[in-house]
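Student: Take a look at the letters that make up each chain.
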Amino acid sequence: MDIDLILRVYPFFLEAALVTLELALLTTILGLTCGSLGAAARMSRSRILRLIGATYVSIFRGTPALIQVFILYFGGPQVGIQLDSFAAGTIALGVNIGAYMTETIRGAIQSVDKGQTEAARTLGMSRWETMRKVVLPQAMRMMIRPLGVNINALIKGTALVAPISVIELTYTAQRFIGSTYKPFEMFLLAGLIYMAIIYVTGQGIAWLDRKARIT
Amino acid sequence: MSDTAFIEIRNAAKSFGAFEVLKDINLTVDRGQIVAIIGPSGSGKSTLLRAINELDPLTSGEVWLEGVQINRKLPHRQYEKHVNQVRQDIGMVFQHFNLFPHLTVRGNITLAPKMLKGLSTDEANKLAEEQLAKVGLSEKIDEYPSRLSGGQKQRVAIARALAMRPKVMLFDEATSALDPELVEEVNLVMKQLAEEHMTMIIVTHEMDFAASVCDRVLFMDQGVVVEEGPPEVIFQSPENERTRNFLRKHLARANGQA
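Chains as they are written, first to last, in numbering that gives the first Met the number 0: chain C, 0 to 214; chain F, 0 to 257.
No lab work stands behind these hints, which were simulated from the structure alone.
It is possible that some hints are incorrect.
Below are the EDC-like pairs computed for lysine to aspartate or glutamate, each with C-alpha atoms no more than 20 Å apart in a straight line [to be verified]:
| hint | chain 1 | residue 1 | chain 2 | residue 2 |
| --- | --- | --- | --- | --- |
| 1 | C | K132 | F | D141 |
| 2 | F | K248 | F | E227 |
| 3 | F | K166 | C | E117 |
| 4 | F | K133 | F | E183 |
| 5 | F | K125 | F | D141 |
| 6 | F | K80 | C | E128 |
| 7 | F | K113 | C | E128 |
Footprint (simulated), chain C over chain F, 3 or more residues, beta carbon under 8 Å [said to hold, decoys possible]:
| hint | segment |
| --- | --- |
| 8 | 110-116 |
| 9 | 151-165 |
If you want a taste of the chain C side facing chain F, the calculated C-beta under 10 Å gives, among others [as the list claims (entries may be wrong)]:
| hint | residue |
| --- | --- |
| 10 | R44 |
| 11 | G114 |
| 12 | T116 |
| 13 | A118 |
| 14 | A119 |
| 15 | P136 |
Built from N, CA and C at the ideal position, the CB exists for glycine as well.
Construct the entire structure; sequences and hints are all you get.
Tutor: Next up, the structure:
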């Protein structure tokens with residue numbers, strides 16, 4: 000193993016890791032947005048909205064994320080959507096993880112005991128007031144861990160934008176292999192950095208989860 | 000509707016698919032009256048109670064409270080507004096308490112009055128203190144529900160319902176989920192409400208309690224009111240065979256447990 004080489008190239012990897020982090024953060028934000036809207040649609044009183052929500056989930060969970068990235072980046076220009084690779088990657092991955100988050104959020108909301116809603120409605124609170132003050136505060140606590148699982152998956156999923164030349168960790172590793180012919184060292188280094196990111200994120204989520212426990 | 004009727008249920012019927020849970024039920028409750036509904040499980044007694052505040056809307060028939068029809072047929076938005084309004088006047092206590100676990104006792108009691116009646120925090124706190132004193136739990140005001148016993152939870156749930164100053168209280172097997180030694184403290188609170196002439200409709204399995212507190216007892220079976228009358232009649236000389244059977248079995252079971 001070429002330790003010297005690793006020591007020479009790692010600053011470039013750290014720089015690329017910043018791009019990976021940026022991707023992960025933006026994807027999380029977009030995913031949570033799509034997930035919240037998706038969950039609201041899936042639980043809506045309107046049959047049409049429920050259908051839209053269900054279709055969204057089955058399309059984006061039913062096809063490879065890589066295909067979704069390719070369709071948006073390579074296929075987009077054909078239908079007039081011209082995006083740079085970073086934007087296309089972020090949007091495709093965010094909308095993709097949003098489909099998973101839709102189910103996570105919906106599951107957490109529906110796991111709140113029906114008696115809670117009944118008690119609140121009986122006091123005269125509206126559907127929305129009940130959701131906001133009684134159901135969501137309880138559901139939020141329950142969704143932290145499963146959303147953490149989604150976020151773990153999306154961090155690793157950011158590697159899927161390497162093929163469209165977003166200069167993130169995996170792409171950087173591949174580029175250095177081209178010049179050094181040392182795939183073992185390069186992928187190992189990239190893998191270690193992914194692991195560090197996942198570890199820190201996981202700790203953060205576990206901390207949030209502990210903080211949110213109802214005493 | 001008659002002049003004295005406070006609550007009136009007319010020709011109430013409800014079915015789930017082909018199954019008729021309630022069949023043409025008529026019931027009038029006067030202001031301050033305390034009515035117990037007894038009967039075997041599956042007889043429709045909880046469903047009838049839950050129809051009064053539209054938790055389980057009737058398939059047909061009418062529910063009136065003080066001259067206002069509760070189950071009016073209205074377009075969705077207007078219906079929601081109407082129901083949210085009338086429910087403020089109908090307190091309900093559940094078998095499983097349904098306290099909000101993420102809120103303290105204070106939060107549980109003040110949430111709806113603040114939100115729906117526009118009470119300030121000070122006013123709402125005062126109200127919570129009053130209602131808690133009434134159920135004997137003043138010292139628990141800043142506890143979370145998970146720190147309370149079942150009996151205490153149910154007393155907080157009663158305080159929460161009372162804080163909306165309802166015109167009538169519905170109790171859906173309020174003591175059925177409690178350990179036997181915790182039943183009495185809840186019964187005491189209900190008795191105290193009875194002394195204050197709160198109108199109450201109580202679905203219960205506790206015949207002794209029904210006999211000692213209620214003005215009237217309804218026996219329901221298979222979706223109909225089989226027999227109704229003052230407790231001394233229903234419990235001591237019921238006319239209907241089904242009532243007699245039910246009471247005999249129930250008594251045998253109660254004795255068996257003790």
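Student: So, for every hint listed, does it hold in this structure?
Tutor: Here's how the hints hold up against the structure:
no. : hint             : in the structure
1   : C/K132 to F/D141 : holds (18 Å)
2   : F/K248 to F/E227 : holds (19 Å)
3   : F/K166 to C/E117 : holds (19 Å)
4   : F/K133 to F/E183 : holds (16 Å)
5   : F/K125 to F/D141 : holds (14 Å)
6   : F/K80 to C/E128  : holds (12 Å)
7   : F/K113 to C/E128 : holds (12 Å)
8   : 110-116          : holds (count 4)
9   : 151-165          : holds (count 4)
10  : R44              : holds (8 Å)
11  : G114             : holds (4 Å)
12  : T116             : holds (9 Å)
13  : A118             : holds (4 Å)
14  : A119             : holds (8 Å)
15  : P136             : holds (5 Å)
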